[in-house]
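Enquirer: Make the full structure from the sequences, and use the hints.
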Amino acid sequence: MKTLLVTGYRAHELGIFDNKHQGIPYIKKALANRLKPLIEEGVEWVITPGQYGVDLWACEVVSELKLQYPDLKLGIITAHTGQEEKWKEEKQNEYRRIIAGADFFGAVSNAPYDGSWQFRARDDLLFRKSDGILLFYDEDAAEGSPKFFKERALKLHAEGEYELFLIHSDEIQNIADEGNQRDYE
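Numbering (our numbering), first residue to last: -16 to 168.
The set of hints was computed from the structure by calculation and includes no laboratory data.
It is possible that some hints are incorrect.
[What the hints assert, rightly or not] As a list, the in silico DSSO-like pairs of lysine-lysine whose alpha-carbon atoms are at most 30 Å apart:
1) Lys133 with Lys71
2) Lys74 with Lys49
3) Lys56 with Lys112
[Claimed, not checked] So the derived label-pair ranges between C-beta atoms look like this:
4) Asp54 with Ala94: 28 to 36 Å
5) Asp153 with Lys130: 33 to 41 Å
6) Lys112 with Leu137: 16 to 24 Å
7) Asn157 with Gly(-2): 15 to 23 Å
In this text, a Cβ means the ideal position worked out from N, Cα and C, and glycines have one as well.
Expert: Shown next, in the form of structure tokens:
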């Protein structure tokens, strides 16, 4: 596996509305824990749709991992241009900083939002260009945006030649509990 798609919930789907939320470091730790062995097994590119939430946190994790794995590359492929224009200024600045550090950044449609076809085209491209997916998805939570990625990944996985790795909320909760236990001791 050379190219890994990483995605999951949008921040608001997790009840996260700013980058100071105490859960973000635990999500990033879970992403790093899963990415490291995959990189060591041959992943060269991590690609993401670049939505605000798991996608951008994964980008930050990859940027940090590039210090340890200098050949690792990061690609952000959005559905349309200007996806960040309605975000708060703080989130826009964070987004611009992240995309500036990416090895590749592009939009499937060079127009502003025009319809759901842009998201379908983006998803088609992301799945075509990747050999597997690392998806933050919780079966017990509301379905949210990762549902479509999961359904498509399951179909490709069943056909063979596509890897599917899931991060569940239990995994993140365990990381948080371990951190809290260390703080207590």
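Enquirer: Confirm or reject each hint.
Expert: Taking the hints in turn, this is what the structure says about them:
1. Straight-line distance between C-alpha atoms of Lys133 and Lys71 comes to about 29 Å, which keeps the hinted pair within the 30 Å bound.
2. Restraint check for Lys74 and Lys49: the C-alpha separation of about 23 Å stays at or below 30 Å, so the hint holds.
3. At most 30 Å may separate the alpha-carbon atoms for a hinted pair to count; Lys56 and Lys112 meet this at roughly 14 Å.
4. Taken as a hint, the range 28 to 36 Å holds for the pair Asp54 and Ala94, whose Cβ atoms sit roughly 34 Å apart.
5. Distance hint check: the CB atoms of Asp153 and Lys130 are about 18 Å apart, inconsistent with the given range 33 to 41 Å.
6. For the pair Lys112 and Leu137, the beta carbons lie near 19 Å from each other, so the given range of 16 to 24 Å is met.
7. A C-beta distance of roughly 19 Å is found between Asn157 and Gly(-2), which places it inside the suggested range of 15 to 23 Å.
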